[in-house]
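From just these sequences and the hints, can you work out the full model?
In order, the protein sequence lines correspond to chains A and B. Number 162 in my numbering belongs to position 162 of the first sequence; there are no gaps in the numbering. Converting from the second sequence to my numbering requires adding 396 to each position, the first position being numbered 1.
A portion of the hints provided could be inaccurate.
As the list claims (entries may be wrong) - Simulated restraints on C-beta separations:
(1) A:Arg354 / B:Asp521: 53 to 63 Å
(2) A:Pro74 / B:Arg424: 51 to 61 Å
(3) A:Pro243 / B:Asp521: 45 to 55 Å
(4) A:Pro243 / B:Arg527: 28 to 38 Å
(5) B:Ala411 / A:Ser134: 37 to 47 Å
What the hints contain is simulated information worked out from the structure, not anything from laboratory work. Note that the Cβ used here is the ideal one computed from N, Cα and C, for glycine as well.
2 protein chains.
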Amino acid sequence: MSGHGHSWSIEEHAAHVAELLAPALAPRPGTIPVDEALGRVTSAAVLSPVDLPLFRNSQMDGFAVRSADVAPTPTTLPIVGEVAARPSSPPDLAPGTAVRIMTGAVVPNGADAVIPVEDTTSDGDTVTISRGRSAGEFVRERGNDLRAGDELLPAGLRLGSRHLAVLAAAGITEVAVVARPRVSIITTGSELVPPGATPVLGQVFDSNGTALAAAVIAAGAVVAARAHVTDDPAELIAALAVPADLVLTSGGISMGDYEVVRELLEPRGARVGHVAMQPGGPQATAVWDGVPVICFPGNPVSTQLSFEVFVAPLLRTVAGLPQAVRERRQLSDAVVSVAGRRQFLRGRAAEGGRVVIASGPGSHLVAGLAASDLLVIIPEEVTALNAGDDVETWAL
Amino acid sequence: MSGHGHSWSIEEHAAHVAELLAPALAPRPGTIPVDEALGRVTSAAVLSPVDLPLFRNSQMDGFAVRSADVAPTPTTLPIVGEVAARPSSPPDLAPGTAVRIMTGAVVPNGADAVIPVEDTTSDGDTVTISRGRSAGEFVRERGNDLRAGDELLPAGLRLGSRHLAVLAAAGITEVAVVARPRVSIITTGSELVPPGATPVLGQVFDSNGTALAAAVIAAGAVVAARAHVTDDPAELIAALAVPADLVLTSGGISMGDYEVVRELLEPRGARVGHVAMQPGGPQATAVWDGVPVICFPGNPVSTQLSFEVFVAPLLRTVAGLPQAVRERRQLSDAVVSVAGRRQFLRGRAAEGGRVVIASGPGSHLVAGLAASDLLVIIPEEVTALNAGDDVETWAL
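So, in structure tokens, the structure goes:
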């Protein structure tokens with residue numbers, strides 16, 4: 001029926017794509033500046049090169065003292081100096097004296113407590129302390145947050161601002177992260193013109209280049225290159241020459257004539273066939289010059305859905321991103337489906353955990369897809385569902 | 397007790413910050429290329445300039461016919477031409493004839509159905525059709541996805557790949573989006589050295605610049621500038637001269653000496669005081685040359701927490717980003733807190749909906765914060781909680 005030699009279930013094709021992409025998606029470490037690492041994933045644990053805090057410092061503005069000197073209060077002590085939060089190597093504190101100290105400043109050796117300024121009065125030369133403090137109070141010991149050699153961050157962590165902050169606090173400027181896969185995007189078809197052009201009858205705007213580029217970025221990868229080629233195989237060969245970790249194509253793989261991807265790649269061992277899904281039935285894979293090529297059908301909804309089903313989950317895993325939320329909802333509408341194919345309808349979340357079908361089933365309904373926020377999954381064996389029936393949905 | 401003239405609840409200060417920032421955060425529209433608009437928020441509804449599909453086209457590879465000619469089947473019709481998916485103005489289809497047609501190709505006037513190739517056999521000159529089709533079958537009518545003038549996308553929509561796809565499909569290359577607030581970040585303190593430097597005793601690495609820059613980006617805004625200044629007010633004046641929609645500062649607002657932010661801004665009308673929270677008590681705001689300045693305390697945990705409490709929610713709203721998830725969890729540990737201040741402890745999510753305290757309460761514990769994934773909120777009036785008690789948590 002398909003005219004192709006092969007047909008597969010979604011799971012079979014997904015497993016094949018995962019296996020084909022595995023080498024390209026194997027974590028490749030690289031080192032980047034900490035200030036550019038937001039959202040990236042650590043490729044190795046980071047050990048602290050320093051103690052944090054770096055040195056014993058004051059938690060308060062006040063006076064550094066020996067706790068023994070302030071055991072009975074009130075007590076008046078001579079002020080013998082001042083330590084501010086800046087480069088400083090204060091002399092040791094002599095017994096029976098106090099040093100004015102600022103938050104974050106070095107606590108002098110000999111001092112073992114800081115008296116907050118609000119528990120003191122001072123005439124400038126002496127300080128009268130109204131409340132004593134035990135040894136250690138308001139003193140931040142060196143290394144009490146983290147010791148040199150301790151794990152600062154684990155491997156496999158998606159870096160948020162607080163993680164970058166602790167790297168900076170430890171003086172680290174570069175961090176080893178998993179490299180983002182570089183994805184080359186090739187849309188095919190002599191009927192396509194770029195948005196902004198003036199199409200003549202028979203031409204349509206290329207939306208798949210925009211859709212795939214954005215979807216690749218949203219899945220945590222980078223766009224290595226973007227090209228549109230006509231039905232001329234020479235153009236496709238040129239586009240495939242651009243360096244990338246993997247290639248995505250749209251169009252040119254079904255059974256009609258002028259199917260440039262199939263024409264070029266099938267004689268060179270491409271795996272071309274039909275997957276039991278709708279939209280998105282025609283699917284292919286190939287390897288070109290050692291680089292995996294994942295080929296989607298060209299109808300816009302088919303392209304976008306194929307990426308979401310077969311490639312996005314793999315990219316998100318590499319990027320440490322959460323997968324699309326899948327949850328069961330109640331259909332607001334009756335639906336019909338084709339036996340033997342898993343159908344991906346497009347819907348919108350509605351109140352009470354329901355889902356409203358928001359688009360016809362056609363694979364050209366790109367506005368219908370944009371108006372949707374859920375995919376509604378109708379299993380292969382189901383041909384009709386009633387309003388109120390339970391369905392699986394995937395968040396878009 | 398604070399030594400400052402004012403003290404406020406978290407809600408009072410948050411409302412003040414929101415009011416101060418409202419003009420800076422009022423949606424300012426700007427137009428950007430569609431290919432750069434992923435994650436941005438539309439500032440106006442987008443109306444379609446075209447019908448989608450642009451023209452009546454075939455849903456299948458097969459033969460365009462008059463449905464009346466294939467009512468009794470099998471029927472054999474002469475093939476009078478071919479229409480591929482490319483620029484083409486096919487002649488009208490004469491009664492009793494068929495035209496070979498590709499998916500996406502223009503359906504000739506006169507034809508009202510497409511017979512899929514799998515329901516046909518052909519010797520090249522004629523096609524024998526084994527199954528008839530009704531008028532309209534496998535024909536995509538012009539405008540059946542969307543009509544010119546219809547709303548393509550609503551205002552206030554955070555743009556995902558499917559939304560950019562429909563803009564491209566309609567030929568649109570520029571989209572009006574809400575401008576991202578430009579945030580200037582100034583860290584203060586003569587004790588700070590940049591990560592990568594070699595600190596002497598009394599110096600610490602500046603982690604707040606890194607933390608705030610990343611947090612601003614994560615909240616959907618952009619970093620207009622980043623500076624570190626010492627305790628010299630002239631440096632702060634220079635840093636404040638950089639154009640931005642709002643300024644964030646860290647450090648220099650508490651009651652000690654060498655508090656450069658307070659020293660410069662308080663005589664010029666800054667609002668300086670204490671908020672009933674821990675960490676993060678000292679807080680200030682100012683306006684400098686018409687630009688709002690939000691001043692956080694300098695301890696790293698205080699800085700990061702202050703951003704999360706007072707500024708991040710406002711930026712996320714502008715960016716159309718979800719707010720941090722807040723949910724109640726069971727404490728795994730007993731905790732104590734200070735009466736009269738809302739305490740933000742740092743914890744990690746644990747199984748069974750529990751939360752484990754993952755850090756001491758000190759505002760310098762930047763590694764403890766990095767090791768946490770939840771803030772644990774202890775209300776002002778609570779001084780102790782037991783293991784098993786219920787607490788509010790915010791996701792980091």
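Against the structure, the hints come out as follows:
1. A:Arg354 / B:Asp521: 53 to 63 Å: holds (54 Å)
2. A:Pro74 / B:Arg424: 51 to 61 Å: holds (59 Å)
3. A:Pro243 / B:Asp521: 45 to 55 Å: holds (48 Å)
4. A:Pro243 / B:Arg527: 28 to 38 Å: violated (48 Å)
5. B:Ala411 / A:Ser134: 37 to 47 Å: holds (40 Å)
When held up to the earlier numbered hints, the structure conflicts with hint 4 and nothing else.
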